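2 protein chains.
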Amino acid sequence: MKKFEEKTVSTEKIFEGKVISLQVDVVELPDGNKSKREIIKHPGAVAIIAITAENKIIMVEQYRKAMDRSIVEIPAGKLEKGEEPVHTAVRELEEETGYESEWMEHITSFYTSPGFADEIVHLYFAHNLRKKENAAPCDEDEFVEVYELSLEEAELYMKEGRICDAKTAYAVQYLQLRKALEL
Amino acid sequence: MKKFEEKTVSTEKIFEGKVISLQVDVVELPDGNKSKREIIKHPGAVAIIAITAENKIIMVEQYRKAMDRSIVEIPAGKLEKGEEPVHTAVRELEEETGYESEWMEHITSFYTSPGFADEIVHLYFAHNLRKKENAAPCDEDEFVEVYELSLEEAELYMKEGRICDAKTAYAVQYLQLRKALEL
Numbered sequence: 008m009k010k011f012e013e014k015t016v017s018t019e020k021i022f023e024g025k026v027i028s029l030q031v032d033v034v035e036l037p038d039g040n041k042s043k044r045e046i047i048k049h050p051g052a053v054a055i056i057a058i059t060a061e062n063k064i065i066m067v068e069q070y071r072k073a074m075d076r077s078i079v080e081i082p083a084g085k086l087e088k089g090e091e092p093v094h095t096a097v098r099e100l101e102e103e104t105g106y107e108s109e110w111m112e113h114i115t116s117f118y119t120s121p122g123f124a125d126e127i128v129h130l131y132f133a134h135n136l137r138k139k140e141n142a143a144p145c146d147e148d149e150f151v152e153v154y155e156l157s158l159e160e161a162e163l164y165m166k167e168g169r170i171c172d173a174k175t176a177y178a179v180q181y182l183q184l185r186k187a188l189e190l
Numbered sequence: 008m009k010k011f012e013e014k015t016v017s018t019e020k021i022f023e024g025k026v027i028s029l030q031v032d033v034v035e036l037p038d039g040n041k042s043k044r045e046i047i048k049h050p051g052a053v054a055i056i057a058i059t060a061e062n063k064i065i066m067v068e069q070y071r072k073a074m075d076r077s078i079v080e081i082p083a084g085k086l087e088k089g090e091e092p093v094h095t096a097v098r099e100l101e102e103e104t105g106y107e108s109e110w111m112e113h114i115t116s117f118y119t120s121p122g123f124a125d126e127i128v129h130l131y132f133a134h135n136l137r138k139k140e141n142a143a144p145c146d147e148d149e150f151v152e153v154y155e156l157s158l159e160e161a162e163l164y165m166k167e168g169r170i171c172d173a174k175t176a177y178a179v180q181y182l183q184l185r186k187a188l189e190l
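Protein sequences appear in the order of chains U and Z. If you count the first sequence from 1, position 114 lands on 121 in my numbering, and the numbers rise without skipping. If you count the second sequence from 1, position 52 lands on 59 in my numbering, and the numbers rise without skipping.
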């Protein structure tokens, strides 16, 4: 798991933000030469494939400043310090969508941008959702619109480019595979 | 596509690197309040689901400094300035693996970390690969080992956590779906 390891020669901390931090490491390559690595540190996140009793997929549309546009995604959110990912998943689902689920299954976890960031997304599957009364609200700087999409609608949103991020593309394909396997 | 738009009040450039740059924008939220957004700019990338004549998947193991470990991924690489993604895909496949394909199909494109980065990955499907004589070498700071995996081996690598990034997880699921649909 450390094949071709790059040993750290020095670390320069460039930025410490609310969400991410940035450092530049000078590393020694396997052949002894030196190179620089630009590294983003991120607390990690969860995302939820959430299915209602009517077999609709819960999605949220929100504006993403990095791309200067709004996109439609599965519910997701950052891990708080010391928080178990499954608790983050329950909390974010409620805050972003007003839905709750008694049961969440961990499907997989993946790094989103291994070339420059350590962000990992823990992906959960929840079904038989029910609308919660008095659900906890979003963070004060979050504005989202909740959608309930059929799989066919989600496929159309992908074709149109309204769904266009890795975790949501993975989620749509996950549901396509479940359907193909008749699960 | 601009629902809940966050208007830029100011932009502070923090870092301009070889791969990424970082800026912090002060934005005006839809309710008139202000907030800060930490934004990574990235040139974009390609990744290739590459299948040999023997129906094996080409993967590369490489060390990723951000996670301090080596992982097994589908071949991928950054876009050069002004380069068409399909040309990047042909070039990276050859440089990283020594294989070439006459034909590449664009499957989809997705943002990897929409919460803080504009990185987009253009995903291609290539089959009937052939080994190229005198293939162009890797970048001088890239050290990779090439694998040819069956789908079952790739599924095992995922379970073991050796495959653990979003684009490669998507690729494995893509091949599972093709198999389930008997394509």
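Derived by calculation from the structure, the hints in this document are not laboratory data. On a predicted model such as this, the values are computed, not experimentally measured, just so you know. Careful: at least some of the hints might be erroneous.
Note that the list lumps identical chains together, so a pair holds whenever it fits in one copy or between two copies.
Below, computed lysine-lysine pairings styled on DSSO-like, alpha-carbon distance capped at 30 Å [said to hold, decoys possible]:
hint, residue 1, residue 2
1, K63, K41
2, K138, K10
3, K72, K186
4, K138, K48
5, K48, K186
6, K63, K25
7, K20, K88
8, K139, K63
9, K166, K63
10, K48, K9
So, going through the hints one by one against the coordinates:
In this assembly of identical chains, the alpha carbons of K63 and K41 never lie at most 30 Å apart, being 52 Å within a copy and 34 Å across copies at closest. Taking the shortest alpha-carbon separations for K138 and K10, only the inter-copy value of 24 Å comes in at or below 30 Å, while the best intra-copy value is 48 Å. Taking CA atoms no more than 30 Å apart as the test, K72 paired with K186 passes in neither setting, with 34 Å inside one copy and 38 Å between copies. In this assembly of identical chains, the alpha carbons of K138 and K48 never lie at most 30 Å apart, being 35 Å within a copy and 38 Å across copies at closest.
For the identical chains of this complex, K48 and K186 are neighbours neither inside a copy (36 Å) nor across copies (37 Å), given an alpha-carbon limit of 30 Å. Taking identical chains as interchangeable, the C-alpha atoms of K63 and K25 are never at most 30 Å apart, the minima being 34 Å within one chain and 43 Å between chains. For a Cα distance limit of 30 Å, the shortest separation of K20 from K88 qualifies both inside one copy, at 20 Å, and across copies, at 28 Å. Taking the shortest alpha-carbon separations for K139 and K63, only the intra-copy value of 17 Å comes in at or below 30 Å, while the best inter-copy value is 47 Å.
In this assembly of identical chains, the alpha carbons of K166 and K63 lie at most 30 Å apart whether taken from the same copy (18 Å) or from different copies (28 Å). Both within a single protomer and between protomers do K48 and K9 lie at most 30 Å apart by alpha-carbon distance, with minima of 19 Å and 28 Å respectively.
The structure fails hints 1, 3, 4, 5 and 6 (numbered hints given earlier, in ascending order).
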